[in-house]
Every structure is written in C-alpha cells, then in structure tokens.
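Asker: This is what each chain is made of:
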Amino acid sequence: MSNSHRRLPEDPQIRALVNMMSSRSMSRRSMLGAAGALGLTGLLAACGTGGTGTGGSKAPAPSVEDLSESEKTVNWANWTLYLDYDDAKKNYPTLQKFTKETGIKVSYSEDIDGNDTYYGKVQGQLSAGQDIGKDIFTLTDWMASRMIRQGYTQELDHANIPNISNLLPNLQNVDFDPGRKHSLTWQSGYAGIAWNKKKFPKGLRNVSDLWDPALKGRVTVLDEMRDTMGLLMLDNGVDIAGSWGDNEFGAALDVLRDNIDNGQIRQVKGNSYKEDFISGDAIAGIVWSGDLTQLNFENDDQWEFVLPEAGGTLWSDNLMVPVAAKHKTNAEKLMNFYYDPAIAAEVAAYVNYICPVAGAREEMEKIDPELVENHLIFPSEEDLTKAHVIRTLNADEEMNFSSEFQSAIGV
Amino acid sequence: MSSPVMTKEGKVRDLRSKEEIRAERRKGRTGVYLVLPGLLVLVLFFALPVVVLLAMSLYTRPPGAEIGQFVPALQFSNYATVLGAYWPELMRSFGFALIATTLALIIGYPMAYLVAVRLRERKLLQGILLVLLIAPFFSSFILRTQSWKQILADEGFVAQTLKAVGLLASDGHLTATAFAVVAGLTYNFLPFMVLPIYANLERLDTRLLEAAGDLYASPLTTFRKVTLPLSAPGVFAGTLLTFIPAAGDYVNAALLGNNRNTTMIGQVIDSRFFRVIDYPGAAALSFVLMVSILILVTVYIRKFGTKDLM
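The listed protein sequences derive, respectively, from chains A and B.
If you read the first sequence in our numbering, its first letter stands for residue -7, the second for the next number, and so on.
If you read the second sequence in our numbering, its first letter stands for residue 222, the second for the next number, and so on.
Please note: incorrect hints may appear among the correct ones.
[Stated by the list, open to error] Chain A side only, calculated, beta carbon under 8 Å to chain B, not exhaustive:
1) Asp108
2) Arg138
3) Gln259
4) Gly262
5) Ser271
In case anyone wonders, no lab produced these hints; they're calculated from the structure.
For glycine and all other residues, C-beta sits at the position ideal for the given N, C-alpha and C.
Chain A on its own, in the form it takes in the complex (with noise of 0.2 Å):
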C-alpha cells in the first residue's frame, strides 16, 4: 500500500477534479492527432494530382539521356510470385543468367500489388515527367492501355529485342498497342469459375451455376471490374470484345447486385479470395486461373477451374519503360533475355500463368513433361476460343463503369 500512495497528491479529489478539467486539453490534443492522420489523406491527394489541372492529356515527353551504357543496370518492377525464385538460395536463376550473359545488374522488386494502387503510387511523377526509379514496370492490359495513352510510357526499339519474333501470333496486335510499340507481354492468365471439388461435387458449367441455393453465401467474386464483369457479361451472351455498352454493362451489373444483396455472393475480393477457399467460407467463385493452379499445389488439389461454356477472360501483363527512365536499352536486353524460349519456359515452370512466348512448350519438354499439358500455362486451340479480351474503355466509360461497379459491391 505504500507505493503509490506516496505518489498521491495531498488533496487528492480534488486534485482529481481539477485533473478533469485538464483532461479537456488531452482530447484536443488527440483530436488533433486525429485530424492530422486525416490531413495525411490530403497530402496523399496532393502527391496524387501533382501536375494534373493544367489540361493537356499527354505527358511533356522529356528528353531523356539513356545511361545504359555508362550504368549497368536495369529496375524492374513487377507483381509478387510472379519470376521463378529459388528458395534454398534466395534468389532468382534467371536474373542471375541475365546478369552473367550480359553484365547488367538487375534491381527485382515486387513493388506491384493492384494496377489501380500502383497507379496512384507512380502518376504524380509520371504526368511531370519524372524518374520513378523504374526502367520496367508490369501492368495489365487496360492499365497498359491507359499509361501509353496517357504517354507515360518510352516506344521501345524493336531492334533491341530481335526475340520479339517469338510473341504467340495472337497477342501481336492489341487494340491498345498496335505493333506493341510501347509494351510486351509479360504472362497472361484466365479469369474463370473455380469450386472445391468436395463440398460441391457436382460442380459448375457457368456462371449463372454460382447462383445455385446450395452456394448460398459461399460465393466470392473478384474485384477486378473487367473480370467479374466481363463474366457476368459473356453469361448473357453479350460479345466482350465488341462494341458493348451501357445497357449490356447494366443489366449484368444488376445479376451482380442481386445476388450480392439477397446474400449468395459472400464477398467481392481482389487476390485475398484464396484465403477463403483455404478456410472454407468460399466453396464457389470467379476467380484467376494461376491463383488456383497454386492453390492446388500448396493443398492437395481441392478445387478445379474451368472457363464457363459461355467464355471467360483473359487478360495480360505487360512489360513497358516509363517515361524519364534511364535505362532503356538495358531494359529491353531484358525483354529479350525473356523472350528466349528456354528462359520463358524457365519461368512458366514457376509461375503456373499462361506463356506468351512461342517455342517455349518445346523447351518445357525438357525441364518438367507434365506441365506441357497443363492447360492453363499452354492452352489448346480450343482454350482460347472460350478466353475472350475485354474491349478498350474510354476515359469516360472507365470512370462510370468502375464507379458503378464500385458502388455495387458496396464501396
């Protein structure tokens, strides 16, 4: 009892009560800390925009001194699991064979988690023309297509990449990219339907399956406006890749809202969608055809993917240099070290995503038989008929279609 009563004052309710009064400038204090935290949120704004609010919607192309000769390197940034990685020896044997061929130093990061995030992270610099400390960047079709648009990206120099001839026929000419001046694929997956092979035996043949009474509140759908969508659309018969538009995008979203208000659909998630196939509060849903292929890998094969009958999507990731970076050239060594078919193979062992890269399925022959029939990292003629690419948004269209689809999913 000794202790703290020392402590004490003399008086000490009233001191207590005086204490009260003082009390009052400790909440404006953590009021402010408050307010401030929410200020950061403004400042975020303001990096965000930087540059914006002049007008003009190119990028001021800068003239910039490629260094690739003087500085040995080359700064890639790309998305996570997404280059083989060797684990006993932490690191990455392709970059390393890169390194040792050409003598240039590659600084891997996996800087990328969501096209739209990256975006906010990188487009204050990129609209004033400044080095973002990359000379790769890794984004998916439509966000490729809103960089090159918005001229933030350098066209590259085919001459620098003579294994661009082995680029699959089908992904030569993109609507966002004719000739791929400014970008080169990187993988590319499927958007599909997947369920646990246990808890739904008698699986899915389309989307509209999902809907299903004995799925109810076991569904997740992705977040990826263009995926869930494009499913959604390609379920009722409406052809993705052509002229489309706001009646077609209206009633599939309304399938979608439905079924999220009556509770079938569970949650509408990004990549965390695998951890509840793991915990078992999603037995059904739209999900990406690589995150599965790994999914059965790391627990025992419990679920299947298929493209639905009425087709799926599929989308890819590409290469591209961001305007102001200084090292171009080395940059496009790179791509091409990539697009050797041996190497591509290397990498397709690993990430399990569909290979763009011809002549790479005769070199996986060599390094592991059982994945040239692995579907999803080689599809079939068939395969890609069923895989379909979402048609190009315009500004306006991309700004009203994700404000809908976000309000529909609730944020």
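Let chain A serve as the given structure and place chain B on it in line with the hints.
Answerer: Okay, now just chain B, sitting in the frame of chain A:
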C-alpha cells in the same frame, strides 16, 4: 518593443539598459525558436494538407478528360453528390464506432480496474497482465484482424460451437457480417480504452474506498460515487482514443465485412481514391468525415468534458 513610449509598461522598459533589453529580447526569441519546429511540422503536415484537401474536394473533371485529370474549380456539388451516395456508410461508420467504443468500455474498464487496483499488491502478476495488455501492439494490426477471420470462419471452432448450441442458424456464418466488423473494431481498439483508464486508476487512492465503506456506502455506491468519478478523465480519454480511429477505420470492415451492410466510410474513400480515381470525391468525403468527427467530439467535450461528467 520599439513602439512609441506611451504606456506605463513602455516607460518602465525605457529605464532598462540596452543590454538588458537585448537580453530580454533574446530570451523571447529563444521561446519562438523552440516553438518553431513544432509549428513548422504542424503547418507542413497538418494545415497545408487540409488546405490541399479542401481545394481538391472542389476540383472538377471536364468531360472527356483523361483519368485522374481534374481542373481547379469551386464545384460545391461534389459534396452533395458524395453525401447523397454515401450517407448510409457515413452513418454506419459512426454507429459501428459508437457500439465498439461502448463495448470496449464495458470490457476494458473491469480489465483496467483489475490490473490497476485489485492487483496493486501483487506486482508480478500486475506486470504480466500489463504486458499482455500491450502485447497486441507488438504484432501487426492487419495480421491480428486476419487471424480473427480464421477464428470466426465457417469451419472454425466458434461458428461450429454456436451452431451446435443453436445460437447460430445452420446456414449462418460469422465472418462477412456486421457482428464480425464490430467485434474486430472492439478488439483492435481495446488497448486504447484500457491504457488511459489504467493510468488513471493506477493513481486511485484506495484509502478513499475504505473511507466510503466507513461511511456505510455499499460497494456499488462507492464505485458510482468515488471510483468512477475519479477515473472519469481516463474514461474520457479512452472513449475518444477508441471512437476517433474506429470511425475512420477501414481494415476491419474490409477484412471481416461483406459488400452489403458493413461498408464503412474509410473503405469508400479508399475506393473513390484508388479504384475510381475520383480524387475530388475522395477529398470531399475525407473532409466531411473530418468535420463530422470534429463536431461530434466537440459536442462530447462540451457535454461531458467537465465536472458534470457523471
């Protein structure tokens, strides 16, 4: 001061030597210098961002303009638009935060009392419990929330038990519900409630409790008339420290909620900013949130922040 010698004070000042005046000035200036860094930080990281935020909230996007391209304007309708669309989420955020704060108080007060008063004699146990209280801070906020998802999962122990005793419908679930979000908020902000109350109760003079007993106060009356009023500053600080971050939180709702009836305003701001690239909309919502919290907290302080707290 070099102003004309008119006031009494000024005349007195003139009687001092130049050295004295200079020393005096230097002293005054030192004070200013000491405050300067703080002021600078406040201007740079608080005042300026708020102004930018306010300006951005009034920007507009010309039709056909590029994504993320906005021009300065005074478009006050931005506020009407976002408020019209996201009024329910704003209200829900305050509702959830209020429930979580109340729950945290109900759970947290006894915890703080136990550690601070009851275990005062047993220093070791007190120390251990105190460490346990702070322990959650050692692990990541996201990870802790993520693990709640596993705890509450359909196939998990909690949901299965509740189903077995009939408290949860056989096709019901715990994750992706408002219950999970409020539970997550309560859990995550509990230490912010407990620690201020603990700090307050730790100084509680137990002789006062004995005195109350001597004066024939029942334990309940003693608590109501003595303990609670004395710990009121802690309760006051705790509720604010819980309510304010909880109202703006979006991690719990994103990880434990669904897409129907658990969306909180933080999620909406995130989505407007990063997904839709609607910077003015996101800024307007942030500003609305900031002002609403400011008003709520001011009212709270005015009403309870003085002697008449109890």
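Asker: State for each hint whether it applies.
Answerer: A quick look at each hint next to the structure:
For Asp108/A, the shortest C-beta to C-beta distance to chain B is roughly 5 Å, which falls under 8 Å, so the interface hint holds. The interface hint given for Arg138/A holds, since its Cβ lies 6 Å from the closest Cβ of chain B, which is under the 8 Å cut-off. A cut of 8 Å between beta carbons decides the hint on Gln259/A: the least distance to chain B is about 5 Å, and the hint holds. Contact between Gly262/A and chain B, as hinted, is not supported at the beta carbon level, the nearest pair being about 10 Å apart and thus beyond 8 Å.
With a least beta-carbon distance of about 4 Å to chain B, the hint placing Ser271/A at the interface is held under the 8 Å criterion.
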